[in-house]
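K.L.:
Residue numbers (our numbering), protein chains in the order written: chain A, 8 to 206; chain B, 16 to 103.
Derived from the structure by calculation, the hints contain no laboratory data.
Every residue gets a Cβ at the ideal spot worked out from N, C-alpha and C, and that includes glycine.
Not one of these hints is a red herring.
Derived pair list, reagent style SDA-like, types lysine to any residue, alpha-carbon separation capped at 25 Å:
(1) K120/A <-> Q38/B
(2) K120/A <-> V37/B
(3) K120/A <-> A35/B
(4) K120/A <-> N41/B
(5) K120/A <-> V34/B
(6) K120/A <-> A30/B
(7) K120/A <-> G148/A
Label pairs and their in silico Cβ distance ranges:
(8) A50/B <-> G118/A: 31 to 41 Å
(9) W104/A <-> S17/B: 14 to 24 Å
(10) A87/B <-> L152/A: 19 to 29 Å
(11) L46/B <-> L111/A: 38 to 48 Å
(12) A38/A <-> L86/B: 14 to 24 Å
Read off the chains here:
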Amino acid sequence: MSTSLELALRPGASPARHLPGDLAMWFFILAELTVFALLILAFAVTQALQPQLFHDSRQLLDSSTGLALTLSLLTSGLFAALAQEQVRQARARRAAWLLLAALLSASVYVGLKLGEYAHLSSLGLGMEHNTFFTLYWILTGFHFLHVLLGMLILGWLAERCRRRVYGPTNCSALESGVLYWHMVDLVWVLLFPLVYVLN
Amino acid sequence: MSASRTLILCWLGLAVLSVASVQLGNSGATLVLVASVLLAALGKAWLITDGFMELRHAPRLWRGLLLGWPLAMGLGVLLTLLLSSQPA
Numbered sequence: 008m009s010t011s012l013e014l015a016l017r018p019g020a021s022p023a024r025h026l027p028g029d030l031a032m033w034f035f036i037l038a039e040l041t042v043f044a045l046l047i048l049a050f051a052v053t054q055a056l057q058p059q060l061f062h063d064s065r066q067l068l069d070s071s072t073g074l075a076l077t078l079s080l081l082t083s084g085l086f087a088a089l090a091q092e093q094v095r096q097a098r099a100r101r102a103a104w105l106l107l108a109a110l111l112s113a114s115v116y117v118g119l120k121l122g123e124y125a126h127l128s129s130l131g132l133g134m135e136h137n138t139f140f141t142l143y144w145i146l147t148g149f150h151f152l153h154v155l156l157g158m159l160i161l162g163w164l165a166e167r168c169r170r171r172v173y174g175p176t177n178c179s180a181l182e183s184g185v186l187y188w189h190m191v192d193l194v195w196v197l198l199f200p201l202v203y204v205l206n
Numbered sequence: 016m017s018a019s020r021t022l023i024l025c026w027l028g029l030a031v032l033s034v035a036s037v038q039l040g041n042s043g044a045t046l047v048l049v050a051s052v053l054l055a056a057l058g059k060a061w062l063i064t065d066g067f068m069e070l071r072h073a074p075r076l077w078r079g080l081l082l083g084w085p086l087a088m089g090l091g092v093l094l095t096l097l098l099s100s101q102p103a
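Build the full structure now, drawing on both the sequences and the hints.
P.N.:
Okay, structure coming up:
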């Protein structure tokens, strides 16, 4: 179901009831959020069972790195949202540049995260070190895979924008791809305090 | 206000809340500070869902589902922390 197309075909339709992107993407997002919910709650419950271990292990993580990771993802989300806005104003080429900026910002996240993973590995804080790090690697690793998939989608969308495939009345696929990227952001803003900040 | 300006304001709010949550987390481990960090996370989730994902104009069911997810996560985390802080 394309709600963008629906609005274009029905100019009188109230934007107050507009759901961007394809309905299938929203169901996919709900499924993804359910999986992440299970992982987040598993982390929280285990933390309640072993509070001292989680407190001590969390001290081995750098919260400023966590903050930099957060800001790079959120900045990427901003560029992706701005790109979508440009397409709606029939500026597809400008949108392509904004999506490239989103990719660049996401690359900062990937670089920082790989650096963090390498640092923790060099300290012997791998998946088998203790319960905290087992859950840390599973939770952040699963999210990291989503970031990589999201970057592939952003790259594909940027190329499609460069070729002016999308326009104000034909951007539902773009909206769906950008929504996936925002879902990755949404999950991270809950993971970040849970893994790096809370004591 | 243009849509782009709204998006930039959302991003500014997200950045401020992110920095604030780290500051709060480094300030101690009291219940008030923990709740404040979780509240900041919920604020960020709201800015993403209503701002970036444009759900403020979406059907109530979808908006409720997407806003309910971070709320459920925040409450779940807070509940587990409260339970773990109870003396045995």
